Amino acid sequence: MLRENQRHFKFDWITIILFLLLLSFGYFNIMSASHVGEITSYFDTDQLYGKHLIFIGLTFVLIVLILSFEAKFYEQFASVIYLVAMLALIGLFIFGKDVNGARSWYGIGSMTIQPSEFAKFATALAVAKYISDLQTNMTTIKDQLKVAAIIFIPALLILLQNDAGSTIVYLAFFFVFYREGLQQVYLILALSLIILAVLALKFGILITAIAAAVIITIVYLFRKKKRGSVLQHIIVLIFTIAFSYGVKLFYEHGLKAHQQNRISLWLRLEKDPAKLERMKKVEAYNLIQSEQAISSGGVSGKGFLQGTRTTGKFVPEQHTDYIFSTVGEEWGFVGTSFVVIIFVLLIVRVLYLAEAQKSQFSRVYGYGVASILFIHFTINIGMVMGLIPTVGIPLPFFSYGGSGLWGFTILLFIFVKLDSNKINEW
Amino acid sequence: MRKLLLLTTVILVGLVFIARLFYLQVYDNTAYNIFEDNAIRKVYNYPKRGYVYDRNGKLLVANQPSYDVMVIPREVAPLDSLEIEEFCHLLKITREDYDKKLEKATHYSPRLPSPFVPQLSKKDYAVLQEKIRKFEGFYILKRSLRSYQTNIGANVLGDLGEVNRKTIENDAYYTLGDLIGKQGIEKTYEETLRGVKGIKFIQKDRFNKNIGPFKEGTLDTLPQAGKDVTITIDSDLQAYGELLMKHKRGGIVAIDPSSGEILAMVTGPSYNPNLLVGRERNKNFSSLFLDKVNKPTFDRGLQAQYPPGSPFKVINALIGLQENVVTVNETFTCRMGYYYGSRRLTGCHHHRSPIAMNGGIAQSCNAYFVNVYRRIVDKYDDAGKGMNVWANHAKSFGLGNFLNNDLSVGQPGRIPDGDYYDRQYGDNRWGSTYIVSNAIGQGEVEATPIQLANMVAAIGNRGYYYTPHIIKNIEGETIDSKYTTPKYTTIDKQHFEPVVQGMFDVYNEGTAKHIRIPGIDICGKTGTAENFMRIDSVKTQLTDHSIFVAFAPKDNPKIAIAVFVENGYWGGRFAGRMASLMIEKYIKGHITRTDLEKWILTHSLEDEYKKPYSGEPFKINGEATLQVIENYATEENYPLKNQNQSDVKL
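Protein sequences, first through last, are from chains E and W. Oh and the first sequence: position 233 is 233 in the working numbering, straight run, nothing missing. Oh and the second sequence: position 437 is 437 in the working numbering, straight run, nothing missing.
No lab work stands behind these hints: they were computed from the structure. Worth double-checking, as some hints may not be accurate.
[Said to hold, decoys possible] Anything over 10 angstroms on all C-beta distances counts as not near chain E; from chain W, calculated:
#1 His89
#2 Gln203
#3 Phe214
#4 Tyr271
[Said to hold, decoys possible] Examples of chain W residues lying across from chain E (beta carbon under 10 angstroms, computed):
#5 Arg2
#6 Leu6
#7 Leu275
[Claimed, not checked] What follows is a list of derived Cβ distance ranges for each label pair:
#8 Leu20/E - Val26/W: 50 to 56 angstroms
#9 Leu269/E - Leu219/W: 40 to 46 angstroms
#10 Gly37/E - Asn473/W: 35 to 41 angstroms
Being a predicted model, the structure only gives us computed values, none of them experimental. Yeah, the Cβ is synthetic: ideal placement off N, Cα and C, and Gly gets one too.
Generate the whole structure from the sequences, applying the supplied hints.
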């Protein structure tokens, strides 16, 4: 009996409290952003926020369920869970339902479920399982390719279902791989390519090529160790130019018009004022409204349910992807910085716990959790404030929606369970 | 090292976010202003503007409804060309106008409402009202416009115009398209007349639909009606003054000396106040304002500064007595002018000589007043000090400075003092002989007709005046105490009687013998002022200005008046006759001397005014012939009431 009780309290309460803070604050903001007409009760199931409260109720059922399984279960069944999740994604092509042009939903009666939200934790489990295998060595090309395949499959399936935003989330696993031994050169390469892509779009291929040539020449002339021939450097340069050209081609022909416009707005590529004006009314409408809502909140905000832009529904999708703008308008800088700090604390806490794990499986999974939360946090809040191009993904524990909430809850609480079990390892 | 990558990235992103939020919400955030929040629609409810009555309770200005088409450019839904054509047809504008107006409104602010087509007629409104819903972003705003119940007093009543950008920036009360008093009492009593507009805050959604009152309407306010005002003008006297001023340029100001109330304030040429109401306002305003020859918007009663001429002599007589440099009975010789050694400083006309104060005033002898004036200035060792003493006395009659009253325009006039001549000639490098023109109201002295009227009011009161004002009564308020406290001149009371007697004798035996009013004791003073104009850079003399000041009756005066007629030649010719008629009209209520009235109505100075612009040499003063007109205006065909305003709703 005593042992059971002790075990109970080994759950990391800091994580759970941070989770509860986000969940409850999120609920009040969803109430602001989604209510129609007068608020007669906090539990009005005719309204969206009332529905969300039911989702929250079910979340606690889920948590109890997750915590009641043996920790070993998740490691042993990781592959099975992954397989089921992939089948669910594939099944969408046959049984899925189109919502806003993305075929990523199952309709069950009046309810809809989005399997991609659940594929994230499944992938994290699979990645953890594969990397923690004793025979896996992340420095070998073979294992790198295999682990890449694990994330590539769900990413591709989701992309094919026209949900580019959720695809980007899988880039989060780069942090996991790097932690687990991926060579530094990948990091440098990734950063260089990102910078190169931005430069090529912003300043054009010619300037980018000249800049690359100058840098490569300098590197060649001043290298300390006499490594690499002239030819090798020239090949790098050619590759650089080819890549820039590829980015440009992809931007112009590979992207859909709205994606192109979002990037164009972000990098301020459009020079034609008439076209820019039109873009502001269409592509940038959400962003402008959201920024105005946030900045109109000032230091302390207009107060709960008092946001004029929120009440007037000026920001489309405000209860889902743009929920942070509600925080900005009604709770001001105090509220927004509070949310940012809670998220940072939560991610840092998960990271800290992950590093403390004795089992590699738990550690890798914990890293996966932190990375996925981080990328959602960064992209969502960055987008709402106009720091990065518009990518439609939810803010974990905050945005309206059952699938998302449950997906993130399962993701986090499997780790809470794994963490609580670390004493029992070995 | 590998452990730190994600950790540092997370913290870095957190810091960047907080920095960005700080920029958006704290640094870049001007305090929240509900008036700039485009999620809240502000609906103004304009109160009734106060009515204006004359001193006898006659309604002069009322209101009529008007309908403005307003636009919020951002909310204008794209229309196809057919729809635009229909809209333009309804508004009676062209397609180019439509584009131009929309662009102008967008340029001002895409978010805030701008007037698109102001002041629709009732008929256009009725048609448009049914269809305005089709044109998103446009709406009709009901306002109230002025409705003048009279054709007279444009300069007194003033007008309403759209508030300009600068005022909007300085005064948060006004929003674009609001009307504000531009001239006259509409301007000076703007805040009293306008009331306070009410405002309703309405929560909008992003489709610009009203959702409901913002904060349950707790911030909304009700309009407060403007207050009615009664002005001191006697509209019959004002109308009569305007009739007399037809075909002439100049000003008449009549004051009740016992209260400082302005009875009439005439400027000529004037215009019908109804010209500045409605859609034609802008066009009419420009043509009035741009008429640089006749200057109908220039109030000659208040703004024209002329050398006052002989009426100013009585001030010198009073100062001489006060300063004890002359006695009432002391006589001076006049040899058709004043001689300094062998040099004649000023001329004079033919009259008996030698002459004492009474005769000096009645005969308007220049030499007499130069003698008195020189004694005042030379009383002290330093001419500068003498001039300062003189100027102080003169200024105590309200001359040489703004009257500081409730009229929207005014001019200070000029009373030069010692410092003034020190600047002109150099310190102490001048003496009384340099400046003798001031003795006879010429030279550097300048005054406006209202200042002269006030000056004679002070003489009629034997030593004090009330600041001339136009407000008689504001509904539920007492008027400013500065209009009910007397201002005393620096001249002792006993010195006034001989001067008043002199002015009385102007009518009995002096320069105004022929314009006496049977049964009324008038005290007056004629004046004639030389004037010049630059024609092709040659200083050319024009016919003299005709000036007259008077008060009546002699004891306990009821009216003080100053009349100024540009190029009317001698004082008794136009100004004296007009003053005499005005006094009779006010005191008796009717005119007994119809031949005198007819003389004024049939004689025009319009030809005189054309002379300098004709490009040909012309004769002035006595050598010129006076123009007589056949189709002259009379009280019968110059109605007080505006017949076109019969459909006014009160």
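Consistency of the hints with the structure:
For His89/W, the condition that its CB be more than 10 angstroms from all CB atoms of chain E holds, with the nearest at approximately 28 angstroms. The claim that Gln203/W lies off the interface is violated: its Cβ sits roughly 6 angstroms from the closest Cβ of chain E, which falls inside the 10 angstroms cut-off. The claim that Phe214/W lies off the interface is violated: its Cβ sits roughly 7 angstroms from the closest Cβ of chain E, which falls inside the 10 angstroms cut-off. Residue-level check passed: Tyr271/W sits 46 angstroms from the nearest beta carbon of chain E, beyond 10 angstroms.
Of the supplied interface hints, the one on Arg2/W holds, with its beta-carbon coming within about 5 angstroms of a beta-carbon of chain E, less than 10 angstroms. Interface hint at Leu6/W: satisfied, since its Cβ lies 5 angstroms from the closest Cβ of chain E, which is below the 10 angstroms cut-off. Residue-level restraint check for Leu275/W is violated (minimum Cβ-Cβ distance to chain E is 42 angstroms; threshold 10 angstroms). A hinted range of 50 to 56 angstroms is violated for the C-beta pair Leu20/E and Val26/W, which are about 28 angstroms apart.
In this structure the supplied range 40 to 46 angstroms holds for Leu269/E paired with Leu219/W, their Cβ-Cβ distance being about 44 angstroms. About 52 angstroms separates the C-beta atoms of Gly37/E and Asn473/W, a value inconsistent with the hinted range of 35 to 41 angstroms.
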